[in-house]
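There are 2 protein chains.
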Amino acid sequence: MSVNYEYTGGAYDEEALLALLDNRQYSVFMQTVEELNPVDVAEFFGRLPEERQAAVFRLLKKDTAAEVFAELESDVQERLIHAMSDREIGVIVDDLFSDDAVTLLGEMPSSVVKRIMKNAKPETRAEINRLLSYPEDSAGSVMTGEFLELRKSMTVTQAVETIRKTGLDKETVYVAYVTDAQRRLEGVVSLKDLLFAAPDAIIEDIMETNITSATTHDDQETVAAAISKYDLLVMPVVDMEGRLVGIVTVDDAMDVMEEEATEDIEKMAAILPTDKPYLKTSVSETVKARVPWLLILMLSATVTGAIITHYEAALGTWVVLTAFMPMIMGTGGNAGGQSSMTIIRSLSLGEVVPGDVLRVLWKELRVSLLCGIVMGLATFVKVFLIDLHADSANLIVAAVVSLTLVVTVVLAKLVGALLPIAVKKVGLDPAVMASPFVTTIVDALSLLLYFKIASLLLGI
Amino acid sequence: MSVNYEYTGGAYDEEALLALLDNRQYSVFMQTVEELNPVDVAEFFGRLPEERQAAVFRLLKKDTAAEVFAELESDVQERLIHAMSDREIGVIVDDLFSDDAVTLLGEMPSSVVKRIMKNAKPETRAEINRLLSYPEDSAGSVMTGEFLELRKSMTVTQAVETIRKTGLDKETVYVAYVTDAQRRLEGVVSLKDLLFAAPDAIIEDIMETNITSATTHDDQETVAAAISKYDLLVMPVVDMEGRLVGIVTVDDAMDVMEEEATEDIEKMAAILPTDKPYLKTSVSETVKARVPWLLILMLSATVTGAIITHYEAALGTWVVLTAFMPMIMGTGGNAGGQSSMTIIRSLSLGEVVPGDVLRVLWKELRVSLLCGIVMGLATFVKVFLIDLHADSANLIVAAVVSLTLVVTVVLAKLVGALLPIAVKKVGLDPAVMASPFVTTIVDALSLLLYFKIASLLLGI
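First to last, the sequence lines map onto chains A and B.
So that you can map any letter, position 170 of the first sequence is 170 in my numbering, and since no number is skipped, the others follow by simple counting.
So that you can map any letter, position 430 of the second sequence is 890 in my numbering, and since no number is skipped, the others follow by simple counting.
It is worth saying that the hints were derived from the structure and are not from the lab.
Mixed in with the good hints there might be a few duds.
When the alpha-carbon atoms are kept at most 20 Å apart in a straight line, the in silico EDC-like pairs for lysine to aspartate or glutamate are as follows [said to hold, decoys possible]:
no.: 1; chain 1: B; residue 1: K823; chain 2: A; residue 2: E161
no.: 2; chain 1: B; residue 1: K689; chain 2: A; residue 2: E260
no.: 3; chain 1: B; residue 1: K652; chain 2: A; residue 2: E149
no.: 4; chain 1: A; residue 1: K165; chain 2: B; residue 2: D715
no.: 5; chain 1: B; residue 1: K689; chain 2: A; residue 2: E73
no.: 6; chain 1: B; residue 1: K740; chain 2: B; residue 2: E723
no.: 7; chain 1: A; residue 1: K192; chain 2: B; residue 2: E609
no.: 8; chain 1: B; residue 1: K521; chain 2: B; residue 2: D554
no.: 9; chain 1: A; residue 1: K229; chain 2: B; residue 2: E533
no.: 10; chain 1: A; residue 1: K118; chain 2: A; residue 2: E149
no.: 11; chain 1: A; residue 1: K425; chain 2: A; residue 2: E312
no.: 12; chain 1: A; residue 1: K229; chain 2: B; residue 2: E503
no.: 13; chain 1: B; residue 1: K689; chain 2: A; residue 2: D275
no.: 14; chain 1: B; residue 1: K652; chain 2: A; residue 2: D63
no.: 15; chain 1: A; residue 1: K229; chain 2: B; residue 2: D535
no.: 16; chain 1: A; residue 1: K192; chain 2: B; residue 2: E494
no.: 17; chain 1: B; residue 1: K689; chain 2: A; residue 2: E14
no.: 18; chain 1: B; residue 1: K689; chain 2: A; residue 2: E351
no.: 19; chain 1: A; residue 1: K363; chain 2: B; residue 2: D735
no.: 20; chain 1: A; residue 1: K363; chain 2: B; residue 2: E495
no.: 21; chain 1: B; residue 1: K652; chain 2: A; residue 2: D169
no.: 22; chain 1: B; residue 1: K522; chain 2: B; residue 2: D555
no.: 23; chain 1: B; residue 1: K521; chain 2: A; residue 2: E208
no.: 24; chain 1: A; residue 1: K229; chain 2: B; residue 2: E718
no.: 25; chain 1: A; residue 1: K192; chain 2: B; residue 2: D735
no.: 26; chain 1: A; residue 1: K229; chain 2: B; residue 2: E745
no.: 27; chain 1: B; residue 1: K689; chain 2: A; residue 2: D13
no.: 28; chain 1: A; residue 1: K192; chain 2: B; residue 2: E621
no.: 29; chain 1: A; residue 1: K229; chain 2: B; residue 2: D715
no.: 30; chain 1: B; residue 1: K740; chain 2: A; residue 2: E88
no.: 31; chain 1: B; residue 1: K652; chain 2: B; residue 2: E701
no.: 32; chain 1: B; residue 1: K689; chain 2: A; residue 2: D100
no.: 33; chain 1: A; residue 1: K229; chain 2: A; residue 2: E241
no.: 34; chain 1: A; residue 1: K229; chain 2: A; residue 2: E351
no.: 35; chain 1: B; residue 1: K652; chain 2: A; residue 2: E161
no.: 36; chain 1: A; residue 1: K229; chain 2: B; residue 2: E621
no.: 37; chain 1: A; residue 1: K229; chain 2: B; residue 2: E720
The calculated label-pair distances, taken between Cβ atoms and stated as ranges, are [unchecked claim]:
no.: 38; chain 1: B; residue 1: W822; chain 2: A; residue 2: E15; range: 24 to 34 Å
no.: 39; chain 1: B; residue 1: E538; chain 2: A; residue 2: E136; range: 51 to 61 Å
no.: 40; chain 1: A; residue 1: I202; chain 2: B; residue 2: P737; range: 36 to 46 Å
Predicted, not measured: the structure shown is a model, and the values here were computed from it.
C-beta atoms are modelled at their ideal positions from N, C-alpha and C, and glycine is treated no differently.
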C-alpha cells in the first residue's frame, strides 16, 4: 500500500450503503464508494454476506477495485478471485502495486497463485517473480518497484514535468531518485526541494548525495528501524551492484514494526510466531504454535522435580516447607521475567546492545538486591506473624523462607537480564529468553537454594 | 520532529569529525556537519565528552543547532541549556517545532523549564502553554501547530504560491488544510493534487472533504492507530469547536506505537511503565517500577500456600506428589500466559474486541483441549516410565499427574483468554492480565485440582 494522500477516510454509513444496494441504486452506490477510503470500503466488503461480495465488487470502477482489493482480508480476496474471470483477475493484478501483489500471492493457496500469475501481464509477472526471489522478511520482499527516477542533468522544471508525466502510478511523488545510465543511485530530491528551488536550477546541484539506502537482503526490521530513526518518508533499496531496484515507504515500515512487536510478544509468551490475526488462525495452527514450547518447558521442569525427590526425606519431616515453595518459585519467576522482558525489548529497540552487558549487570545487581531485600523483609513479617504461629521453631522457618527469597530474586534478575544478551551475542533471537524459559531455570535454582538454606538452618 | 525529506542520514565518520575538532578545523567541521542528518549529529554529540559538548554545539549554525537539539538525549539537552546564555536558549526554543519544545519541557527539571519559558518569545510561550494544557498522551499533547492553511477560493497557482511563501517552517508541505474564517476545517489538499491539477482550478473543487480528524483530547494511541490503518502522512487535530489547531505526523505516530508496545510489554511483565530507556532510568526508579507487582503477586501466592497446608497430611504420606507440583504449576502458568498474551496483543491491535468473547472462548476451548491432551499423554509416559518405577501404585500417581495436567491446561487457557477481555470490557488496561497475574491464579487452581484428583484416585 502506498503512503496515502488522496484519502482521509473514517466516517462512512454502512446502513446507507447496504440500503443503496438493496434498492438497486447502483450508480449512487458507486459514487458514494468512490468518495470513501479504500480501507473503509474493504472493511465494508468484509462485513457483506459472502455470497454478495463478488457481485458488489464488480460494481467498482477499475482503479478503485484494485485499491480496495489490496486492502481486503485474504479470505475475502480468495473468495473474489474464485468468482472472477481470468480477464478480471488480470486487470486487478496488473493494477496492484508490486508489493501488494507479492503479499497477496504469499497468502493464496498455490492453485490460486498459479491462476493469478497465468493472467498477469508478462512484465507484471516478471516484476512479481523478481520480488518473490528475495528472502522472506528481507527489504527486497517488502519493497515496491514503482518509484520516480530523474537524471542529474535535468533542470528543476524538467524534473517537475517528468514527475507530472510519470508520477501518477508511483508509490510516492514526494521523493524522486537520481540514477545514472546503469540505474546506480546517485542522489535524492524531494518535491519540497523542487518547490523551493529556482526553475532553471540543475538537479545535480540541489540533490542530496549522502544517502542511506538498504540492500535487497537487509532484514525488513532493520529498514523499518532506520525509517523510524531518521523519520524518513521512504527508503531506497539497492541490489548488490548498487542499482536502485525498489523503495520501502513509511507506511510499510509501520506495518513491519507492528508485526515484529507482535512476534516478540509471541516469543516472550513461548509461542511459535504465526503471522495471521488470532481469529484468522485455525485451531490446529494455534495448537502447533503453542504445544512445542509447553513440552520443552515441561521436560525441563523435570530437574525441579528431581531436586524435590532428592529432598523427599527432609520434606517428609518439614512438610511446612512445602507450603512456601509456590511463593518462592512464583516470585523468582516474576522477578526474572521483569528483567528479561525489559532487556529483550531494549535490545530490539537498540537501546541496549550486547556491549552494554557490564552496565546491565551492574544495574541489575543493585536493583535486584534492593528488590530482594524489600521482598525478603515483607515475606519474613508475613510468614512469621501471619502464616505460622510466632514461635522459635517457626522463626527459623521464616528466616529460611525470606533468606531464600532474597537470593532467589537476585539470581532471577541476573539470569533474566543476562540470558537475552548472551543469546543475542551468539546471533539468536533474545525474545525466547523471556518469562517462561527464565522461570523454568529460576524454579530449579530457587528450590535448590531453598533446600540448601533449610538444611543449614534447620539442620536437616 | 517533522517528517524528513531533506536528509537521508546514516553514514558518518566519527573519527574524522573528532579529528577536525582536535585540529581546530572548525569551518570544515561545520560544513561536514551541515551535510549530515541531525539525528546522526545528535548521536555524535551524545558520544562527545560531556565537558566538550557545549563548546562544540556553539559551532553549529542557528537552524542546524535547533534541529540537532531536538534530537539530543534529554541529559545532553539539560547539560547544554545549563551552559547556554539566556539569549542562546531563546534562539533555540523559538526555532524548535512546538511538539519538540513540549517534549523538551516534559523532560527538564522545573528550574530549567522556568528558564526556557522566560527566554522564549511571547508567541512561542503562548503556543507551548497551549499544547501543555492538553492531557498527557492526548492528541493535543503530541500535535504541532506548524501546518499549512489554504482558502477554498484560491486557485491552484495561488495555493502553490502560498505554500512557497509559508511552507518552509511547516512540519510538512505535502498536505495543506482548507479552513474558513473561523479556522474551521473544511477540506484537505495534497501537494500531489496540486501538482496534477489545472493551474486555474479552484481549491474548493479539488479538495477532499470527507476527512477523519482527531480531537485534541483523543488518546494518542487512537490517532497513531488511525494513521497506520489509513496509511496517512499526517492527521489533522481539531478542538471542541471543530477549529483546526494542530497536526500529528506519521513519524510521531511511529514513536507513539513504539512507546505503547513497550508499555504493553512492561505491563505484561508486571512492571509499572517508565517511559525512559532502560539504561537511562535510575536504580531507584527501576525498583519502584518492579517491587509493587512482585509484592502483590507474592501475597496472592498465599492462597497457594494455604491449599498446600490444608493437604499437609496427605503430602506427608504421598511425598512423591510434591515432586510434580512445580511441573504442573509451571505448565499451567505457561499455557495461561500463551493465551493471555495473545489476546492482550490482539486487543491492543484491535483484531479482537470484547464482543468476540464467545468466538474466543470457543476457539480456546478446542485449542486448550488439544494442547491439554497432548501434554497429558506426554506427561503420563514420562512420569510412569521415566520418573517412577513402573508399578501399579505409580500407575495411579502417573494418572493423577497427567489428568491434572489436562484439566490445568484447559483451565489456564480459558482464564488466560477471558481475563484480559473482561478487564478491557470494564474499561481497564488488559495488559496487566498477562502471565504473572494469570500464573498466580492458575497456580492455586491447578494445585487444588491436583489434590482433589489425588484424593479421589489415591483415596487420601
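Results for each hint:
1. B:K823 - A:E161: Violated, because 56 Å separates the two Cα atoms, which is more than 20 Å.
2. B:K689 - A:E260: With a Cα-Cα distance of about 17 Å, the restraint between K689 of chain B and E260 of chain A holds, given a limit of 20 Å.
3. B:K652 - A:E149: Holds, because 17 Å separates the two Cα atoms, which is no more than 20 Å.
4. A:K165 - B:D715: violated, 35 Å
5. B:K689 - A:E73: Distance of about 13 Å is within 20 Å: holds.
6. B:K740 - B:E723: holds, 16 Å
7. A:K192 - B:E609: Between K192 of chain A and E609 of chain B the Cα gap is close to 17 Å, so the pair holds against 20 Å.
8. B:K521 - B:D554: holds, 15 Å
9. A:K229 - B:E533: holds, 13 Å
10. A:K118 - A:E149: violated, 30 Å
11. A:K425 - A:E312: Roughly 40 Å separates the two Cα atoms, so the pair is violated.
12. A:K229 - B:E503: Measuring from Cα to Cα gives roughly 11 Å; hence the hint holds.
13. B:K689 - A:D275: OK: K689 of chain B and D275 of chain A at ~17 Å, within 20 Å.
14. B:K652 - A:D63: It holds: about 18 Å lies between the C-alpha atoms, which stays within 20 Å.
15. A:K229 - B:D535: holds, 19 Å
16. A:K192 - B:E494: holds, 18 Å
17. B:K689 - A:E14: It holds: about 18 Å lies between the C-alpha atoms, which stays within 20 Å.
18. B:K689 - A:E351: With a Cα-Cα distance of about 27 Å, the restraint between K689 of chain B and E351 of chain A is violated, given a limit of 20 Å.
19. A:K363 - B:D735: Within the cut-off at roughly 18 Å; holds.
20. A:K363 - B:E495: violated, 38 Å
21. B:K652 - A:D169: holds, 12 Å
22. B:K522 - B:D555: holds, 8 Å
23. B:K521 - A:E208: holds, 19 Å
24. A:K229 - B:E718: Cα-Cα ~11 Å, so holds.
25. A:K192 - B:D735: violated, 34 Å
26. A:K229 - B:E745: violated, 26 Å
27. B:K689 - A:D13: holds, 18 Å
28. A:K192 - B:E621: holds, 13 Å
29. A:K229 - B:D715: holds, 9 Å
30. B:K740 - A:E88: With Cα atoms ~57 Å apart, K740 of chain B and E88 of chain A exceed 20 Å; violated.
31. B:K652 - B:E701: violated, 29 Å
32. B:K689 - A:D100: holds, 15 Å
33. A:K229 - A:E241: violated, 26 Å
34. A:K229 - A:E351: Distance ~12 Å between K229 of chain A and E351 of chain A Cα, so the pair holds.
35. B:K652 - A:E161: holds, 13 Å
36. A:K229 - B:E621: violated, 32 Å
37. A:K229 - B:E720: holds, 17 Å
38. B:W822 - A:E15: 24 to 34 Å: With Cβ atoms ~29 Å apart, the hint holds.
39. B:E538 - A:E136: 51 to 61 Å: The hint (51 to 61 Å, Cβ to Cβ) is violated, given that E538 of chain B and E136 of chain A are roughly 44 Å apart.
40. A:I202 - B:P737: 36 to 46 Å: holds, 44 Å
Of the numbered hints stated above, those contradicted by the structure are hints 1, 4, 10, 11, 18, 20, 25, 26, 30, 31, 33, 36 and 39, listed in ascending order.
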